[in-house]
Amino acid sequence: MSSSAPLLEVQNLQTHFGTVDGVVRAVEGVSFHINAGETLGVVGESGCGKSVTAMSILRLISTPPGKMAGKILFKGTNLLELSEPEMQAIRGKDISMIFQEPMTSLNPVLTVGRQIGETVMLHEGVSARDAEQRAVEMLTLVGIPAPGRRVREYPHQLSGGMRQRVMIAMALACSPQLLVADEPTTALDVTIQAQILELMRDLETRVGAAIMLITHDLGVVAEMAQRVIVMYAGRKVEEGTAEEIFLNPLHPYTRGLMGSMPKLGSSLHETGRSKLTEIQGQVPSLRKPIIGCAFAGRCPNVTDVCRQMAPAIELKAPNHLVACHYAPRVAVAA
Amino acid sequence: MFAYTVRRVIATIPVMGIVALFVFSLLYIAPGDPAAIIAGDQATPEDVERIRASLGLDRPFIIRFTEWLWRVLQGDLGVSIFTNLPVSHMIKQRLEPTFSLMLLTLTFALSCAIPMGVLAAWKHGTWIDRLVMLFAVLGFSVPVFVVGYVLAYTFALQLDWFPVQGYTPISNGIGGWVSNLTLPAVALGSAFIALIARITRATMLEVLNQDYVRTAKAKGVGQRAILFVHALKNAAVPIITIVGIGFAGLIGGAVVTESVFAIPGVGRLVVDAILRRDYPVIQGVVLMFSFTYVIVNLIVDLLYTVFDPRIRY
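These protein sequences, in sequence, are chains W and D.
The opening residue of the first sequence carries number 1 in the numbering used here; numbering runs sequentially from there.
The opening residue of the second sequence carries number 1 in the numbering used here; numbering runs sequentially from there.
Footprint (simulated), chain D over chain W, 3 or more residues, beta carbon under 8 Å:
hint : segment
1    : 85–98
2    : 103–110
3    : 119–132
Since the hints were derived computationally from the structure, they do not count as laboratory data.
Glycine included, every Cβ here is placed at the ideal spot set by N, Cα and C.
Go ahead and model the full structure; you've got the sequences and the hints to work with.
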């Protein structure tokens with residue numbers, strides 16, 4: 001990977017939540033990095049800690065009940081050590097976030113222009129009028145027709161796709177270096193999904209922001225990301241270039257994910273061969289420490305070693321890290 | 001919006017009609033014969049009968065109601081049995097103290113209750129929250145006259161910070177006006193504060209869990225702006241609803257408060273009128289209070305559109 005320091009480096013992040021029936025270990029020792037200008041895909045099923053990881057980066061976890069440990073280095077500064085005002089200066093300016101639910105993530109009683117402009121006013125100290133002007137520019141950038149009129153409208157007057165465009169406009173208003181997109185297309189219907197992805201890709205090249213793209217949709221990842229990490233039960237189980245992950249998945253969980261994805265052109269009615277496979281079993285409880293491999297309970301190739309010893313994440317192929325005792329080691333170039 | 005306002009104003013007519021009917025029926029429902037009271041202990045039955053006839057009390061209910069209503073619509077609330085002055089004139093004289101008390105109470109209650117409720121919701125589960133809730137329970141359960149006498153004893157008699165009772169018109173200087181009304185407003189406001197603070201806390205707790213609050217935080221908005229701009233505006237509709245409903249309690253409380261602090265307002269007027277069975281005055285005051293309540297709630301309905309753009313009429 002590149003020799004210069006990455007834009008964001010997460011080291012051994014642990015995010016736990018204290019609840020009445022014990023500590024939930026939502027993220028348990030995750031490390032990864034994002035280089036400037038690249039798109040990192042983060043994949044995994046619901047509850048695997050993807051969103052919590054994203055929220056931890058912006059420190060949107062309320063503490064208590066949350067508790068974060070490890071390091072989140074953004075351009076060399078550990079975000080976990082910053083004061084709340086210092087963190088406020090970073091949120092929305094250097095790192096911004098798009099959420100999964102465009103229908104509920106916009107404030108229903110403030111105009112769209114006000115909500116976009118607020119970010120600019122906060123971080124660049126411009127006047128309200130200039131902020132509205134910027135809001136109009138941003139709406140134009142994200143492809144909303146009649147932006148001069150839309151800027152004075154309220155979220156309920158916009159469709160879901162338009163609201164997500166507004167969210168993107170809001171996130172990009174101050175030209176952030178990192179955009180954290182948490183399931184940005186999940187709540188949208190398929191044709192709108194494609195438009196939003198197209199828009200994000202276009203903006204990535206134009207604004208030059210790095211993107212952390214969180215999704216459970218492997219198709220989205222294949223289309224957008226250069227590198228991918230796969231998460232399971234609060235842990236990173238596999239990491240590699242998008243090509244490596246898709247063509248040569250080494251972790252049994254990643255293979256399971258691929259198998260559970262329908263492929264275009266294969267009929268579901270033909271018996272046998274193109275049936276979708278599911279991953280048997282359930283995600284282990286995050287309330288108690290997991291001994292051994294987190295995936296052991298569901299893995300088709302499980303052995304006693306897996307149940308007793310957690311596998312370390314190791315380089316098993318060029319640009320390809322896997323946490324599995326039995327992942328075949330392909331020749332690794334030094 | 002304009003059409004809605006007109007429709008709502010028209011809709012108040014049947015409401016006011018029913019109120020008027022009820023107010024007029026008071027004369028028949030309430031015990032005690034005004035003619036006998038006016039005539040005095042020494043009067044013969046013939047005297048009482050004569051007075052009754054002169055007051056028109058011997059004529060059928062429906063005719064008297066229609067006549068009364070027709071005069072009321074023309075702004076004539078009748079003449080007081082005791083002072084022989086027009087009721088509308090008597091009410092007008094007493095309006096300023098009562099409206100001053102209401103205005104000051106409302107301002108004081110809102111400026112205390114809303115920050116308290118917001119703070120309690122933000123710090124929910126902490127001692128601050130518990131303190132606010134404790135105050136809310138106390139505010140509800142201690143009657144206004146008890147609060148009034150305790151305040152008067154402590155801050156007027158012992159500490160001598162405020163006058164014990166009385167009223168200074170605003171035309172004699174705002175200082176005296178405020179200092180005379182401070183204790184009454186605090187006494188009258190305590191239950192109102194409790195009510196508003198509770199509803200503010202409950203609504204804010206719900207709003208603060210919404211996704212858009214998280215969005216605001218992710219944009220780098222500070223805690224104060226999150227609470228008082230992003231969240232409070234969303235909590236406004238239930239809060240102003242309860243302010244409108246609580247206004248009825250405020251009217252009732254004003255009557256008691258004016259007696260405790262000897263404020264020459266409409267409340268005192270109606271208490272005196274009730275003691276003397278001065279029906280025209282009672283009817284006039286109750287009618288005016290009902291009308292005020294209807295108007296306040298109309299304003300509340302129209303305010304919804306100011307705070308929530310999704311509400312359109």
